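K.L.:
Work the whole structure out from these sequences, hints included.
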Amino acid sequence: MTTQTAPAGTRPVTAGDPGRRTSTIRLLLRRPSAAVAGGFLLLLVVLAVLAPWIAPYDPNEQDLSAAFAPYSAEHLLGGDELGRDVASRLLHAIRLALLAPLISVGVAIVLGVPSGLWAGLRRGLADTVLSRIADTLLSLPGLAFALAIVAVVGPGLVNVMVALGVVFSPTLFRVVRGAAMAVAEEPYIDSSRAIGCSTSRILWVHVLPNVAAPLLVQATILMGLALLSEAGLSFLGLGVQPPDSSWGSMLRTAYDYQFRAPFAVLPPGIAVVLTVLAFNTLGDAIRDVMSARWRR
Amino acid sequence: MNATHEPLLAVDGLTIDLTGPGGQPGLVQDVSFEVHAGESVALIGESGCGKTMTAMAVLGLLPAGFRVAGGSIRFQGRDLLACPERELRSVRGGAIGAVFQEPMSSLDPTMRVGDQIAEARRLHLGEARKVALRRARELLDRVGIPNAEKRLAAYPHELSGGMQQRVMIASAIACDPQLVLADEPTTALDVTIQAEILELLRDLRREQGIAVLLVTHDLGVVADFCDRVVAMYAGAVVERSDVDRLFGRPAHPYTRALLDAIPQNGRPRTVLPVIRGRVPAAGQFPTGCRFEPRCAHGGHERCLQPQHEAVLPDGRATRCARVADGDLVLAEGGAR
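These protein sequence lines are chains A and B, in that order.
The first sequence begins at -4 in the numbering used here and counts up one residue at a time.
The second sequence begins at 133 in the numbering used here and counts up one residue at a time.
The hints are simulated quantities; they were obtained by calculation from the structure and are not laboratory data.
Computed from a prediction, not measured in an experiment: that's the story for all the values here.
Here a beta-carbon is modelled for each residue, glycine too, at the ideal position from N, C-alpha and C.
Hints may contain errors.
[To be verified] Here are the simulated distance ranges between beta carbons:
| no. | chain 1 | residue 1 | chain 2 | residue 2 | range |
| --- | --- | --- | --- | --- | --- |
| 1 | A | Ser195 | B | Arg261 | 13 to 23 Å |
| 2 | A | Arg118 | B | Pro157 | 18 to 28 Å |
| 3 | B | Leu444 | A | Arg127 | 58 to 68 Å |
P.N.:
This is how it looks when you write it as structure tokens:
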């Protein structure tokens, strides 16, 4: 990120040839940090899809002779307390690790973005009401609130992630509302009115793209946070239910047996850290690229 | 368009209030003027005297807190103030185009230039994007942007200020409007570009018969470009006249003082006359003539009465009771 600030300034965004222009994605890939983070996430997607074929064992197959097996050629990342292959369980858990943030951030976007745009552009009563709702949600401790929702609707991954989406939505609402407020003051919003745009067209066509940079950054960072929260809730036994595995539930079992197999926390722990780091790095890079793209 | 003498745009007795706490009724007071088809009318005055507010009212785009309290705005025979929002939207960008002061910030930074020009046509004429873009290319040619094909795909920040203003104009005339509202279209540009943009507007008037309502405080631009002038001071129209007579024989002490304040080449080493003081802030308007405290001819008892517009025998209108009665005769000639 910081290593890339110099090229960011000098990169010829305008070039001499406006006919052929570089897409935002290509600009992103020119940053090593973003390319690595994006590549890592892409690799995860591929692994998640291919997991049933490339995993050496069935993730739920028990082999008590391999219980607490150390890292070996036979069990690359060892075995857990029931002798299930950790590498296979880790691979299969990638799906949940990616799906869970998508669900919660998706819910947060659906709830937070339209309301934020509306409140930021129209202000007045709509803004007051929506902002108070957001403040109320934000004043509740997030995880505890998610726990309360889960207590009502029951445990399970989807329930947990939707609950987290509700918890995240005021964050997105605030980001979008603040950015939309600034954009609403811009003369180009007046000129879009002056050519006859309706309010909803202004919202989606003129305001949304101009708040996209902070929105994307926040959404990407929330993806990391969602993964972390999912791991936390599964660690507490509220997310994924056995025998399915998630990185959080794997951490839980590793924690339970930490004195017998101290190295078992490493695979799921490192997986969580790397993935969250990748989301955050990507978020930073998106912000840098998008702000360099449209301003000056 | 038609042979009758009904004006294209007729603003009559327009009064705008600032509502809410610290509000000011009569921020714009009793403004009347007309724009005929193909004509160019200037709205002049110092900053903060209600020019832009008047223009925005015509578009139905007053900022929050401002409310039209009276009067009418008739465009092509229908009262815009009585129009529902839907109908207003079809007028904006359709029959009335608008060009604003800051081209850089008046263009959406995330939208390609071609799409911004095409947007009006897609909205008003229901054209498909491809068709509208083809038309946008022609419009870019029309407003004098070289290499139009490639410029369609450019973002606004990739263009110079003059180019951006040309794009704004292209978008304003995209649906062949009858009237273009130009709110200080050249103020943010440097002098040579100003001349080019005015030349472009002049061409559009000549070739397409577009009427222009030009909001400006640059008297040079007015002399150069406009047929008639509406001078505003502190929210009220103080004089209406045609350009030649305004510059030759102003009918209000304020316009007289404005003309005197134009720097002259022929008078080296003289002190430039100025108008003392500043435009009163909203809420601090005098009860009598709003210009009286700064007027060189003030202090007369008739200046303490609220002033009303009076039409002189030769058709000019003034809001100075003393000039209207022949009690005060202003110096002739001067800045041209």
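K.L.:
Could you run down the list of hints and mark each one as holding or not?
P.N.:
Hints, verified against the model:
Checked against the hint of 13 to 23 Å, the pair A/Ser195 and B/Arg261 passes, with Cβ atoms roughly 19 Å apart. The given range of 18 to 28 Å is respected by A/Arg118 and B/Pro157, whose C-beta atoms sit roughly 23 Å from each other. In this structure the hint that B/Leu444 and A/Arg127 lie 58 to 68 Å apart at CB holds, the actual value being about 59 Å.
In terms of the numbered hints stated before, the structure departs from none.
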